[in-house]
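For the sequence shown, position 29 (counting from the first letter as 1) is numbered 29 according to the numbering used here, and the numbering increases by one without interruption.
Worth double-checking, as some hints may not be accurate.
What the hints assert, rightly or not - Per label pair, the in silico range of CB-to-CB distance:
(1) 144 / 171: 29 to 39 Å
(2) 169 / 144: 16 to 26 Å
(3) 44 / 11: 17 to 27 Å
(4) 165 / 91: 49 to 59 Å
(5) 69 / 165: 24 to 34 Å
(6) 13 / 70: 37 to 47 Å
Claimed, not checked - For lysine to any residue, the following SDA-like pairs were computed, each having C-alpha atoms within a straight-line distance of at most 25 Å:
(7) 143 / 160
(8) 84 / 28
(9) 143 / 49
(10) 15 / 44
(11) 143 / 77
(12) 84 / 157
(13) 15 / 112
(14) 84 / 141
(15) 84 / 29
(16) 84 / 122
(17) 15 / 128
(18) 143 / 62
(19) 84 / 143
(20) 15 / 81
(21) 143 / 118
(22) 84 / 49
(23) 84 / 15
(24) 143 / 46
(25) 84 / 62
(26) 15 / 37
(27) 15 / 87
(28) 15 / 79
(29) 15 / 86
(30) 143 / 127
(31) 15 / 39
(32) 84 / 160
(33) 84 / 25
Simulated from the structure, these hints should not be mistaken for laboratory data. Backbone N, C-alpha and C define an ideal beta-carbon position, used for all residues, glycine too.
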Amino acid sequence: GRYVEAFEAFTQAEKALPGDSGVARLMPNVVDILTITSEPAGARVSVDRFVDSTGAPPSPHSLGETPVRERRLPRGAYIVHIEKDGFLPIATPAAVYGSRQQRIAGLRTAQPVTIEVHLTPADSSPPDMVFVPGGTYSLAGPKMPLNLAAQLDDYFIDRYEVSNERYRTFVAGGGYRAAE
1 GRYVEAFEAF
11 TQAEKALPGD
21 SGVARLMPNV
31 VDILTITSEP
41 AGARVSVDRF
51 VDSTGAPPSP
61 HSLGETPVRE
71 RRLPRGAYIV
81 HIEKDGFLPI
91 ATPAAVYGSR
101 QQRIAGLRTA
111 QPVTIEVHLT
121 PADSSPPDMV
131 FVPGGTYSLA
141 GPKMPLNLAA
151 QLDDYFIDRY
161 EVSNERYRTF
171 VAGGGYRAAE
């Protein structure tokens, strides 16, 4: 959809008609609300849309420093970037942290997607690995049941795919043999 344009029209309508219930009912359809905290606080936060309405590559949009409280954005699929000097950067999809809408008394309401991260010191990362923070992740998708979640521990993952040559070297060097 054209959520950026819809968000702009919604924002204008909200200013022109403050408190209007018809305008308020539109919010869950065009607005995402993000709350982002980090330990330690003061991390820079930016978001990229997976795809914008023109199909152009996304450009980052700064949200400031943590804590970021209930920041409204055009509805969309976002990658959230959290960075602080001396700590490993985090890039994570916002969708894995919860639903953007809930039903209260039969009406859809926009709910903040809350992202809480504990930053890890930069010197704790193995070379060519990326830190993935643990936590409870909501599993989201167009055909997935609601409220599915997975609890993950912190882990590191290779920054790059393993090439066939590196895999052959691993196997030739004894990889996957039973420990003796």
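Hint by hint, here is what the structure shows:
| no. | hint | in the structure |
| --- | --- | --- |
| 1 | 144 / 171: 29 to 39 Å | holds (36 Å) |
| 2 | 169 / 144: 16 to 26 Å | violated (38 Å) |
| 3 | 44 / 11: 17 to 27 Å | holds (25 Å) |
| 4 | 165 / 91: 49 to 59 Å | violated (28 Å) |
| 5 | 69 / 165: 24 to 34 Å | violated (48 Å) |
| 6 | 13 / 70: 37 to 47 Å | violated (19 Å) |
| 7 | 143 / 160 | violated (30 Å) |
| 8 | 84 / 28 | violated (32 Å) |
| 9 | 143 / 49 | holds (21 Å) |
| 10 | 15 / 44 | violated (29 Å) |
| 11 | 143 / 77 | holds (16 Å) |
| 12 | 84 / 157 | holds (20 Å) |
| 13 | 15 / 112 | holds (21 Å) |
| 14 | 84 / 141 | violated (31 Å) |
| 15 | 84 / 29 | violated (33 Å) |
| 16 | 84 / 122 | holds (10 Å) |
| 17 | 15 / 128 | violated (48 Å) |
| 18 | 143 / 62 | violated (32 Å) |
| 19 | 84 / 143 | violated (36 Å) |
| 20 | 15 / 81 | violated (30 Å) |
| 21 | 143 / 118 | violated (31 Å) |
| 22 | 84 / 49 | holds (21 Å) |
| 23 | 84 / 15 | violated (35 Å) |
| 24 | 143 / 46 | violated (29 Å) |
| 25 | 84 / 62 | holds (14 Å) |
| 26 | 15 / 37 | violated (28 Å) |
| 27 | 15 / 87 | violated (40 Å) |
| 28 | 15 / 79 | violated (29 Å) |
| 29 | 15 / 86 | violated (41 Å) |
| 30 | 143 / 127 | violated (37 Å) |
| 31 | 15 / 39 | violated (35 Å) |
| 32 | 84 / 160 | holds (23 Å) |
| 33 | 84 / 25 | violated (37 Å) |
Checked against the numbered hints above, the structure violates hints 2, 4, 5, 6, 7, 8, 10, 14, 15, 17, 18, 19, 20, 21, 23, 24, 26, 27, 28, 29, 30, 31 and 33; every other hint is satisfied.
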